[in-house]
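Keeping their order, the protein sequence lines are chains L and U. In case it helps, numbering that gives the first Met the number 0 puts the first sequence at residues 0 to 77. In case it helps, numbering that gives the first Met the number 0 puts the second sequence at residues 0 to 272.
Rather than coming from a laboratory, the hints here were simulated on the basis of the structure. A hint or two may mislead.
[Unchecked claim] Residues on chain L that point at chain U, a partial pick, calculated with CB under 7 Å: (1) Ala10; (2) Ala30; (3) Gly38; (4) Arg47; (5) Val51; (6) Gln56; (7) Val74.
[Said to hold, decoys possible] Ranges of calculated distance between the beta carbons of each label pair, as one might list FRET restraints: (8) U:Phe90 / L:Asn28: 35 to 41 Å; (9) U:Arg190 / L:Asp37: 47 to 53 Å; (10) L:Thr3 / U:Ala66: 45 to 51 Å.
Note that the structure is a prediction, hence the values are computed from the model and not measured. For every residue, glycine included, the Cβ atom is placed at its ideal position computed from N, Cα and C.
Below are the chains, spelled out letter by letter.
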Amino acid sequence: MNITLNGTVHAVDDGASVTTLISQVTGRNLAPNGQAADGRKLGVAVARNSEVVPRSQWFVTALAEGDDVELVTAVQGG
Amino acid sequence: MAGTTVAGVAGTARHAAADPFIVDGVHLGSRLIMGTGGAPSLDGLGAALIASGTELTTVAMRRYSPAETGSLFQLLVDHNIRVLPNTAGCFTARDAVMTAELAREALETDWVKLEVIADEHTLLPDAVELVDATEQLVNRGFKVFAYTNDDPVLALRLENLGATAVMPLGSPIGTGLGILNPHNIELIVSRASVPVVLDAGIGTASDAALAMELGCDAVLLATAVTRAQNPAMMGEAFKHAVIAGRLAKAAGRIPRREHALASSAMEGRAEFL
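Next comes chain L alone, as it looks inside the complex:
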């Protein structure tokens, strides 16, 4: 199925969770609690259809066709 990720069309498996999407995009394995499996900080957050998805809910939140997902991280800024 297709979702919109950061403004562009992005293909994910049907019923994929937010955790699956973040792993796919960042190349990091995630534990069910939303922390990176390697123990280092992940530093990203997700909004789905303009609602923030808390880290604790990533694993149990299934994406749906046409979802609008924003995946953000810290960058340089004043």
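Following the hints, complete the assembly by docking chain U onto the known chain L.
Frame of chain L; chain U shown alone:
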């Protein structure tokens, strides 16, 4: 006498070290908060941050890009520098609250530098949206570091709404014009019971020293270091400037006088016939 001087200098150094910047119960060893915007490379930025001695540094929240995996966040974690996410680029309270929520999830901190700007030309805070966003964020449990105009009335309003710190601008972001209204900054400091951080407009070290002499608790700057010809050297200059200004404020400056006042005694002069 030389011995006395050395002891005096050592005492001063101890004073500076034992003078932490306490905000939200957290003790920071430096009163210089650094921004990270404007640095051409992560390596150069890292060197400047280390030279500045900062222990708290702002970041912006933007879309994740797999291409940029030399992560700023990791750099700050590696150097044990606390992160202060900002809401830069937000024009409305709604966008600022959303950005703060994302930052809290991503960076696992409830501290936020609240920036709600009116337009891209001036980058000045929009007071109405700023007040609205402060109220909403405080209600959601955020520790709000409110970037504000140098308006003593607005600063007090933000404090009364529950802001953790108020951060008046010296002059517009990125201008390097220094502190355009020192009287207002002094007035804000004199009425505040939360930390006051001079934020924005700093051009060079003397501007930061002045902010501290006016009674500010800390200084926040980015461009003055990241776009200096030698960012690491400028970072070090600001480290000393903030300490110098803080010491000068505590030491108590002499009153300004209209006429000269000799420091050498007139009595006992030799007489030449």
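Each hint tested on the structure:
1. Ala10: 15 Å, violated
2. Ala30: 15 Å, violated
3. Gly38: 12 Å, violated
4. Arg47: With Cβ-Cβ at 11 Å, over 7 Å, it is violated.
5. Val51: 4 Å, holds
6. Gln56: Violated, about 10 Å.
7. Val74: 5 Å, holds
8. U:Phe90 / L:Asn28: 35 to 41 Å: Since the Cβ atoms of U:Phe90 and L:Asn28 sit about 38 Å apart, the hinted range of 35 to 41 Å holds.
9. U:Arg190 / L:Asp37: 47 to 53 Å: Roughly 49 Å apart at Cβ, these two residues keep to the hinted range, so it holds.
10. L:Thr3 / U:Ala66: 45 to 51 Å: At 19 Å between Cβs, range violated.
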